[in-house]
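First to last, the sequence lines map onto chains E and A. Numbering of the first sequence is given in my numbering, commencing with residue 1 and proceeding in unit increments. Numbering of the second sequence is given in my numbering, commencing with residue 1 and proceeding in unit increments.
No lab work stands behind these hints, which were simulated from the structure alone. Glycine included, each C-beta is placed from N, C-alpha and C at the ideal position. Where hints are given, some of them may not hold.
Beta-carbon label-pair distances, calculated as ranges [claimed, not checked]: (1) 317/A / 80/E: 22 to 30 Å; (2) 55/A / 291/E: 22 to 30 Å; (3) 140/A / 338/E: 16 to 24 Å; (4) 197/E / 281/A: 57 to 65 Å; (5) 338/E / 246/A: 47 to 55 Å.
DSS-like cross-link-like pairs, simulated, lysine-lysine; straight-line CA separation at most 25 Å [as the list claims (entries may be wrong)]: (6) 109/A / 121/A; (7) 194/A / 121/A; (8) 92/E / 139/A; (9) 121/A / 41/A; (10) 139/A / 311/E; (11) 236/E / 301/E.
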Amino acid sequence: MPGALSGFRIIECGEMVSAAYASKLMADMGAEVIKIESPHGGDAARQRGPFPGGEPHAEKSGLYLFLNTNKRGITLDLEQPQSQEVFQRLVKDADLLIHNVHPKHMPTLGLDYDHLAAMNPGLVMTSITPFGLRGPHTEYEASDLTLWNAGGLCFLNGGGPGTDHLPPLKAFGQQSGFTAGVHAAVASLGALFARLRGGMGQHVEFSVQECLMGISEFGTMMAAYAGMAVTRLGHKPIQPLDLLECKDGWIFICCVEEHHWHSFVDLMDNPEWAAEPIFEDRLKRGESWDALKLLIQDWVKDFTVQDLYLKAQARRIPFAPVSTMGYLLNSEHLNARGFFVQLDHPEAGSLTYPGAPHICSETPWELRRPAPCLGQHNTEVYTELGMTAQDLATLQRAGTV
Amino acid sequence: MSQPPLDGIRVVDFCWAWAGPYGTLQMAHLGADVIRIESAKRLCPSRLIPPWPDNESGVNRAGYFNQYNQGKRSLTLDLKAPEAIDIAKTLVSKSDIVMNNFASGVMEKLGVGYDVLRRIKSDIIMVSLPGYGTSGPEKDFVSYGPPQVAQSGLSALTGYVGGPPMMAGFSYGDPNGGIHATFAVMAALLHREKTGQGQYIDLSQWEAAIMLLPEAVMDYSMNGTQPERMGNRDPHMAPHGVFRSKGDDRWVSLSVRDEAEWQRLCEVMGQPELSSDARFASLAARKENEAALEEIVTAWTQACTADEATQALQNAGIPAYPSLDAIDMIDNPHVGARDYFVELEHPEVGTRRHMGIPWTMSRTPCEIRRPAPCLGQDTDAVLTDIVGLSQDEIAALRERDVLT
Chain E
1 MPGALSGFRI IECGEMVSAA YASKLMADMG AEVIKIESPH GGDAARQRGP FPGGEPHAEK
61 SGLYLFLNTN KRGITLDLEQ PQSQEVFQRL VKDADLLIHN VHPKHMPTLG LDYDHLAAMN
121 PGLVMTSITP FGLRGPHTEY EASDLTLWNA GGLCFLNGGG PGTDHLPPLK AFGQQSGFTA
181 GVHAAVASLG ALFARLRGGM GQHVEFSVQE CLMGISEFGT MMAAYAGMAV TRLGHKPIQP
241 LDLLECKDGW IFICCVEEHH WHSFVDLMDN PEWAAEPIFE DRLKRGESWD ALKLLIQDWV
301 KDFTVQDLYL KAQARRIPFA PVSTMGYLLN SEHLNARGFF VQLDHPEAGS LTYPGAPHIC
361 SETPWELRRP APCLGQHNTE VYTELGMTAQ DLATLQRAGT V
Chain A
1 MSQPPLDGIR VVDFCWAWAG PYGTLQMAHL GADVIRIESA KRLCPSRLIP PWPDNESGVN
61 RAGYFNQYNQ GKRSLTLDLK APEAIDIAKT LVSKSDIVMN NFASGVMEKL GVGYDVLRRI
121 KSDIIMVSLP GYGTSGPEKD FVSYGPPQVA QSGLSALTGY VGGPPMMAGF SYGDPNGGIH
181 ATFAVMAALL HREKTGQGQY IDLSQWEAAI MLLPEAVMDY SMNGTQPERM GNRDPHMAPH
241 GVFRSKGDDR WVSLSVRDEA EWQRLCEVMG QPELSSDARF ASLAARKENE AALEEIVTAW
301 TQACTADEAT QALQNAGIPA YPSLDAIDMI DNPHVGARDY FVELEHPEVG TRRHMGIPWT
361 MSRTPCEIRR PAPCLGQDTD AVLTDIVGLS QDEIAALRER DVLT
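Bound conformation, chain A alone (with noise of 0.2 Å):
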């Protein structure tokens, strides 16, 4: 048995911009047929911001689309058309999965609502994964992934010691609320096998964002507070950080989880005398003093590099990383072993690295089949293979602008 887990799987893709897409790119991975449903008159985000090969733009030499849409295939249908609809229903009437992250009620007003699409595929499973959900009084609001990393409450949680509430660096909330939305797809896929049920799922991405912050949550709910913004320290651990290394904005990671630790980064920094150090000798003493020590930290980072400073502490059994930028990733020589990237030609942009699956499976190998499509890329085949059309009913079509 090869076959990927989701083999013979469908989904239909209305998803957008990058939360819906990169839930869908998960069952793409798994092996999953992802149809996505794209427009020329109102194109994803994704296929229209930069990075694009030579900084020469187009539909479909943008790395953000050809990132977080491989192995799906696209149709494109003008969904204002009403005969568009119809295939859309008709596409559904012969798939598993029906996801979009629109905001709510945008399916119910283009006809394609669960109510509808039961009614054509009753054992549908159809996920809707708005960033305030389907329902509850500002149901209405609208939302992106930046946002939801100030409105989950990570903001305000992360920052540096006395400083301002700050952002993640990424659109947070966009993965993850995908991720847990492609979470409880396969949960109700599972069920649907057992039961033959399918069913509808409202994901809130605030809600989903929320889910990482138990410790800030629970803070408030036993003590009415929560914690302080403090950067990269951590109050279980110390040092705690990231610190400056040999070279231009180079810095290196590391944490010491316990008193061995402590001692042998003493050692390893050739300082053995300051493990005796009344201001060092318990964690409570360390925090206590963590501007000190994390000065005395640096002295020894900033004189190696940080593969060197890693080399070294990792020898010593203490959890160290270079803080890696895109360069670093990419020429990194261990995801590189493992064959993380993969490079697939592409008509437009020829072959590129791309990052991977974070999973291997011993027995169901899951592996990217196709790059990700190019706008339209697969509307003739999907509407004569799936949807069943002939050649003259598709040539009709396109002639009346309903495939664009």
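Okay, chain E solo, but in the shape it has when bound (with noise of 0.2 Å):
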């Protein structure tokens, strides 16, 4: 069965996580991505791991084994002025061209949205930037770090009360990449479906600072609406809403509506504290959070995590555990659903990978084959772009590809 995007064909100049993330979900369901990477060591996520043994290896990179299956990878060295007329023809019949190289570098590299569409009226552009491609900022330098900042998300996370001394906390791994990648996709593909009914293609420009405020969530209403700012410093006006250690581990408690707490002191055998005033609501345990934590926290130690998620969801109440990798993979709920994927790699060999969050009725995602090796199918698409044997063999000398 074909892919929900089969037939569409895209290119992606991706370094690390935003485009490379975009064009991984349009080829999981079926578009045809050609990844151009430099000829001098290709995409920096192949040098970021996790790797086998701990042993770098440019084909061994956990980071990039993901974030690029089912593409076919190519070598183009952009910088070099002979490759902008190979780089033209492969422009030429694809749909979507995304890309996060720094608004700085987008010239000489040629990606120029008019240059391009006189060749393709109908391609589709996505520029994955920092800080977009105008304003005073558009030039920074940034890092997934620094965009996180940028985005206010950092700022949000923290110990709580009493912890001023140590800094905002970003979200593990590389998120601003992740989430800027995910809603460039959506909008590209809203590009796509806006040329499919007969428009012509454009460009899209991408913030990733905006998109990150965007899922700020309280953000910048608590200043447009209440003139404050939310600090990790402050307490969180609900509870219980935390994190708590088992005997084995850490469980997240989580009451919401005022019904999950009565269940909740119901697990918990009504004990006599419960029934204090200022535990009555969840505004006014989120103002004695403090002293509700260390009751409840006693409580709770006695328990494995998997016993007490089970006995809470039993009732209907959310809590979750603090998962590890090792309790994801050997989740029999994920494993029904068949969310893990073992996929065979010649260089990395058979590893289990995340495949997609979503099982669709008609157009299932697939993982076809492997992220590529650098330059794996250079013959391939060059051939395939008419080029002879001798042409890439001159280009190969002169280190374009």
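Using the hints, put the two chains back together into the complex; each one sits in its own frame.
Below is the structure:
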């Protein structure tokens, strides 16, 4: 069965996460993605790991292997002027060109929408940039960490009251890149839909900073509606909504609605303290959390995580385990849904990958092929472009490919 | 051509709280007619929580609802009434997409499951995004956005060095589940446009959150281990952190990506001699002596404001940015110059700044066409123009309390 996006041809110039994740999502849905990497080492994600046994190897980076499933990979040094003719031939038949090249380097790499659209008016080009393509900070350098701060997310996270000696805390990994990538994929498919309905191609300009601000939950609304900021040092308004320690690990205690709390009190065998007026409703429990936390922690400590999790869920209280990777990969539920997938790679071997978070009734996603080795599809792709073995050899000698 | 991409596409939005509404917000951004089905008898939690202007509560005054429901319409229906279900079905028959984030099985119990709706509209695209998905042994478990942060594994990986697991600081599972669902819907919409075929999409918020952690999943897959909590540090860059700057709880973030940037940082800090200090002469050395390194950086950042530090570092080509809070964001000169914020007149909260759309399109501009709807604001218009009811029929339904 063909995928939902089969027939779409996508060119990706991606380093690390954002553009690569966007085009991976599309590739897993059936799109034909060609990833362009520099012949001098390729995508930086190849150096990030994790690696088997901790030994760095450009073909065995877990981050790269995950982000580039179902793609074909070619090398092309876009910094060399002679590569532009080849690049334009690639783009000429593409539906989407998606990249996360910094705006400063776009002109030298040939990422000029007007020029490319003159050859291919149907082209959609999505530029994922840290701060967009206009405005005073456009040329700012950025990392995943600085963007998480620029989007106001880092400032929200930390240890609560009394921890002002500790800095705002980022979430693990490359969250700016992943969040930007999936949003940019949505915008790109929107532009492809417009084209399918008789429109032309267009340039989609995407700002990671704005995307992250947009998920900051209370974010700017606290300033716009209440003239104040939320900080990691404040009390949470509603409780219990916190991490507590069981005898074999951590659990997230979660009583969003009053009926969750009543069920939880019942689960605890209705201790006397639970009837105290200071714990009367979720807002009061927020104010009294320091005291309440100690009482609940004392009760929680004798349970295993699984036992308490299952007991709470049996009463429809939304507790959740603080999952370890081992817990996830062995989860009966996730495995029954087929979430994890075994995939063989010529260098990295057979490994378990996260698959896709959705099951589509008519157009299944599929891991058809592992991430490409550096330049693995050069001959195949360049031959499709009409180049001869001799042409390719010439480019290889010049270090262009 | 100046219509937005999803002009003419209609979404029946049964969503609730944040995850689903965040997803349908993106469809509204793309120009779809998103109709939220609401009821005064069971209000969306986002209408009930602060912030409210002047701290005066009201179902139409909540910043949370008004932020994440911009550009949508609101139809009030009491879905417990059979007539309301008939109306919902008629609406679906004239729509393209149905989205809900109820717990698994709720839509079926209401009589608007996919098997029913596909008979009404054969090419409907329906997406459900419960926490656990709609299949598997734990499909009936209940979830919200915050537990997903713990359950996905993100909490166990996030935290200060040597400290306990931490949350993300916001309900990350919600927008993440919503946006991944919207991605699947967009793909299904392209497929339908080419083939005429609709479909059902079962999205698990839990799985969508695990997609964010491949480094940890792959580490376990390769080595049977997972990364230690490392605060703001990075295994491949140092210094890499959020450092105290001048002022009350003000901070600046910075990342030094390579040796050249390290040399330039030493210059910027006015300590060029550090670049030849053996303790910091390579990435490995800086990782080895990271605590001492962070003290040196802090001594410099503390002496300037976050803006001054950012400016100095950016002038040297080093990634840096102040750690913005809500007030900083709303006053940020860069996003301000880009017109990111949207200020539309709302009947109950007046003109307030809301976060806008993070992309621009050169040919089919996306814009927020109206503020978030007041509860039931569009009931009459939707029932008249789309469902095709007469004024008398609407009045009779209202009389029977079906439209609240």
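Broken hints, numbered, in rising order? Checked against the structure, the hints that fail are numbers 8, 9, while the rest are satisfied.
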